[in-house]
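Participant: So you can see what is in the structure, the chains are spelled out below.
Protein chains: 4
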Amino acid sequence: MTSTTHDSATDETAAVARVRDTLDRQALLTTLGVEVVEISRGRVVLDLPVRAAVTQQDGFVHAGAITTLADTAAGAAAQSLMPADKNVLSVEFKMNLLSPGVGERLRATATVVRAGRTITVVSAEVESVDGDARKPVALMQATMIAVDRR
Amino acid sequence: MTSTTHDSATDETAAVARVRDTLDRQALLTTLGVEVVEISRGRVVLDLPVRAAVTQQDGFVHAGAITTLADTAAGAAAQSLMPADKNVLSVEFKMNLLSPGVGERLRATATVVRAGRTITVVSAEVESVDGDARKPVALMQATMIAVDRR
Amino acid sequence: MTSTTHDSATDETAAVARVRDTLDRQALLTTLGVEVVEISRGRVVLDLPVRAAVTQQDGFVHAGAITTLADTAAGAAAQSLMPADKNVLSVEFKMNLLSPGVGERLRATATVVRAGRTITVVSAEVESVDGDARKPVALMQATMIAVDRR
Amino acid sequence: MTSTTHDSATDETAAVARVRDTLDRQALLTTLGVEVVEISRGRVVLDLPVRAAVTQQDGFVHAGAITTLADTAAGAAAQSLMPADKNVLSVEFKMNLLSPGVGERLRATATVVRAGRTITVVSAEVESVDGDARKPVALMQATMIAVDRR
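Chains as they are written, first to last, in our numbering: chain A, 167 to 316; chain B, 167 to 316; chain C, 167 to 316; chain D, 167 to 316.
There may be inaccurate statements among the hints.
Same chains, same names: a pair is fine if it fits in one copy or spans any two.
Straight line, CA to CA, 25 angstroms or less: simulated SDA-like cross-link-like pairs of lysine to any residue [said to hold, decoys possible]:
| no. | residue 1 | residue 2 |
| --- | --- | --- |
| 1 | Lys301 | Glu270 |
| 2 | Lys301 | Gly208 |
| 3 | Lys301 | Val313 |
| 4 | Lys252 | Thr284 |
| 5 | Lys252 | Pro266 |
| 6 | Lys252 | Thr188 |
Bear in mind the hints are in silico, worked out from the structure with no lab data behind them.
Please read all numbers here as calculations on a predicted model, not as lab measurements.
Extracted from the complex, chain A is given alone in its bound form:
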């Protein structure tokens, strides 16, 4: 194993730890019950178990909760490719709701589309997970910015 490979694995471990720490410090995620499924460089998967506390008037998961899930995954995916001295903030995002948020849980998978020094663009898909069934629920296109960590 070359030192480059070694460094790279170390980098990945450190980046994943930073992302996990950032996720752990977001109180809203605890309020909603968001769970971390996977963190890797450029890709983060989060789950939101469906329960009454996150629903809208028809008993579906509220678009705001779906957006919280997708935005958080998108920000985490962006952070996973940033240096340790940078924090990530959402500049903006756009969300299409494709079908009602139902099932056992919603799963957001965020993937970095383009990582720049300042601006990172991320795509996030949210799907409904119900036993073996999967169904697309929402699609987000998000713009994140790297800012100096305070």
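Model the placement of chains B, C and D on the given structure of chain A, informed by the hints.
Facilitator: Chains B, C and D only, in chain A's frame:
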């Protein structure tokens, strides 16, 4: 008072009652602590008191909570102009985060830009309220659709 | 060949012909020099040869021309899955510009994400084509609506 | 007149000249026939006379041409508040099409919502102008970035 005026006032009262009922049945709003400030035809104002349970890693209100506030206000504003047999769903929205969500409370003011039979476009501004100080926090442009009430 | 297969092939041929006809009647595409690369059900590819007439101040292709390419491909992809008596209109779209529009040509590939009776959501990627090199230039997420053909 | 006022007027004149120069160097605007109506700090108005060359299949102005008008006005409004050594690029924008682009001309009015050192958010409204009649045609929310002038 003409019967037209009378009907119109009745319509407004009925529409406001329908919107309030829809808001009351959204469990996520209770989870986050959202408060209704104003409902009129084509314009809805909602507040989110700032508290730890809705924050992200820096202690600011999470973009997902801000979006929940704005999307809910936008949907309610759209519903306020729809007939009684229609329900409103978010097709999509786009949100710019302008400054950190801080202060005593965040206030979303949603205004219908164009009300169509099927599609309604709504603009929603979120500002920070801290004593007498106000500061823009976020700006949303949203597309809502009228569907038959089930 | 079963009649189902036969009908399906006929349907595809008819749908492709309708999309091509719609593209042929868009004068702006001639003004900009847009070329049809591929039309199939749910997927349309269009090219914009890079020339001075479509540029902005730095000599890159103008974001408006890139958007025209992507929006047109997205609308065509949506129309390809609609019945013959429906026309397609853009409700809204969101576009991220990822890198400057340079090279020999820009290529937009639009893919339907979700086709509904009324609302169709489409994703469109624009890439720069320069000899064998390809580079992502823009990413669009678009909402299309089916309206009765007049 | 205080020197501060004097400097400010000079600044405005210089900023307007820079914006006009940037607009003059965008060949696509000549191709489409875009006309400058007003440039002031934080606000730019552009017109697109309606003619066949900018239309889609129904004879309405193509969403891509409407977007070009709005995006150009938005970028110019952002540039008008930036220092002389900065250039402006579109990070992303979101566009709602409200009604068909018809009439004698379309007019885009772009207003800066928040001007930051790096990121500027702009709102742009497009309306149809037909004699004395005005009608909303489109609404854009755009994110611009300041980059070092090359």
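Participant: Does each hint fit the structure? Answer for all of them.
Facilitator: Checked hints:
1. In this assembly of identical chains, Lys301 and Glu270 lie within 25 angstroms of each other by CA distance solely inside one copy; the values are 12 angstroms within and 39 angstroms between copies.
2. With identical chains, the CA atoms of Lys301 and Gly208 are at most 25 angstroms apart both within one copy (23 angstroms) and between copies (18 angstroms).
3. For a Cα distance limit of 25 angstroms, the shortest separation of Lys301 from Val313 across copies, 21 angstroms, qualifies, whereas the shortest one inside one copy, 35 angstroms, does not.
4. Taking the closest pair of Cα atoms, Lys252 and Thr284 come within 25 angstroms of each other both inside a single copy (10 angstroms) and across two copies (16 angstroms).
5. For a Cα distance limit of 25 angstroms, the shortest separation of Lys252 from Pro266 across copies, 17 angstroms, qualifies, whereas the shortest one inside one copy, 36 angstroms, does not.
6. Taking CA atoms no more than 25 angstroms apart as the test, Lys252 paired with Thr188 passes inside one copy only; the shortest distance there is 12 angstroms, against 33 angstroms between copies.
In this structure, none of the earlier numbered hints is contradicted; all agree with it.
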